[in-house]
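Enquirer: The lines below spell out each chain.
There are 2 protein chains.
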Amino acid sequence: MKTLLETIKDAESRGVAVGHFNISDMAALKAIVKAATDLQFPVVIGLSEGERNFFGVEEAALIIRNLREKHGLPVYLNADHAYSLESIKQVVEAGFDSVIFDGAKLSLEENIAKTREVVQYVKSVNPGILVEAELGYIGTSSELFTETPAGAAIKEKDLTTVEDAVRFVKETGIDMFAPAVGNIHGMSISIPNPDLNISRIKSIKDAVQIPLVLHGGSGIKDTDFISAAGAGMPLIHINTEIRLAWKEALQKSLTDNPNEVAPYKLLKPSEEAVYEATYKRIKLFAKL
Amino acid sequence: MKTLLETIKDAESRGVAVGHFNISDMAALKAIVKAATDLQFPVVIGLSEGERNFFGVEEAALIIRNLREKHGLPVYLNADHAYSLESIKQVVEAGFDSVIFDGAKLSLEENIAKTREVVQYVKSVNPGILVEAELGYIGTSSELFTETPAGAAIKEKDLTTVEDAVRFVKETGIDMFAPAVGNIHGMSISIPNPDLNISRIKSIKDAVQIPLVLHGGSGIKDTDFISAAGAGMPLIHINTEIRLAWKEALQKSLTDNPNEVAPYKLLKPSEEAVYEATYKRIKLFAKL
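These protein sequence lines are chains A and B, in that order.
Using the numbering used here, the letters of the first sequence correspond one by one to residues 1 to 288.
Using the numbering used here, the letters of the second sequence correspond one by one to residues 1 to 288.
Possibly wrong hints are sitting among the right ones.
Output of the computed footprint for chain B on chain A, the stretches with three or more beta carbons under 8 Å from beta carbons of chain B [said to hold, decoys possible]:
| # | stretch |
| --- | --- |
| 1 | 58-66 |
| 2 | 95-109 |
| 3 | 256-265 |
Bear in mind the hints are in silico, worked out from the structure with no lab data behind them.
Note that the structure is a prediction, hence the values are computed from the model and not measured.
Glycine included, each C-beta is placed from N, C-alpha and C at the ideal position.
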């Protein structure tokens, strides 16, 4: 079984990307694993702090480890946005494959200092666990919005610069880097998501060398995904899109089955909807 | 840590009952574990075949084992109604604490033969795993209904007889026995659930000696629960009531938060509702 880093480097070398999909519940988890299994392509399951608190850090780690070690499935687990060392310690001890330290709201100096501290801690426990960090504010919430979040980088002058990226990666020692390159967290319901700045992705990738990660994938054009993967972004995050599929299927299920009370029956359509949404994304990202 | 059998015998000796609550999802699982932990009383988590297929047999076993072995919580896992040896093998291999073989629709002869086969298999793998079986049809579905399910035993002449119970228990070698004593699966929305026949419970208990289990607890009167526990039913199943709490909270959550798409936020009220419903039941059954 490849490690997560080997999996990502393998995707990178082929100009494709691995999908990172968030879950809060077993319906989405099983749907995503099934989509990846059916496509015979690796996948990363992500849980934000809110998702981890709800689902359980140890529970997520036990389940993913079992899928990988007992069933041989290339399924990896990421702590998607951790805001404190405390939170990172919890997932490292539980056995997550990677953590994202999110200091995106801090100044560059503070972000570097905090991120370096995180890298040192994580590597002291297990050098195999990857640390990712983000630079440049791209919004924080995986939800639907009608206006661009205040402060989110969408003009060229607001994107992560090559200079900052190089300094950040060098001084922190992170394994993967998530720049602001036109992406925003969440998904717009009224305006098209901005285009990704592919040439900036290429420039950053050439300068920092380590794998880049695309956050805020929901709502981005298919062609942009392909270009971003080819430019050095072998890991793409999708969250809002899946949540929306989950919710809409659940609402329909509740409406269509007014007398049904069994959660597993009511949630089955959500599992199926997440499967469809994820399958489509994995297929696209992997150029299958 | 006590075994499940020790826990049940301990409850029996004190004339109280342990609650058995079904789950399909992580919200209900965490809610039930929290209620039991807050009340410092053991609890059994049950998954029917449908629930197991949805949540995952191995997933449930890994999580419960972790709660017990790492966190020291007296939480046990039951395969609630398995209809085939194949299904039982799956849960036994995964490490469930108990299984219910449901041959309630079979003739007494067939039910005895199949149940004995199940007991022999389970004990050959792990003598510590408990086998429970049910005698007398009490309906099959944990749902809301407006009429008594066809064939469900509610007249005294339809209840499990002492004679059948003795023969069944003796010839099968089961560890726990679920008789039809006025209980029905599911929960009525228009007619009161029938009263339990407490004297029949006592007679069966005196004759078979092993712990009796009350299925179809949702909708039964509080006083009947107490009487049943005192008469020799140290394990009481509640399902529909929890499902209803889960569903109603979810519907309200969706209505109250039209723009929210995060499953963990939308499901949080369900977790809280299941907590309240379970807390109340554990407290009642344990006479706390």
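Enquirer: Compare the structure with each hint and give your call.
Expert: Verification of the supplied hints:
no.: 1; hint: 58-66; in the structure: holds (count 5)
no.: 2; hint: 95-109; in the structure: violated (count 0)
no.: 3; hint: 256-265; in the structure: holds (count 7)
Going down the numbered hints, you'll see the structure goes against just number 2.
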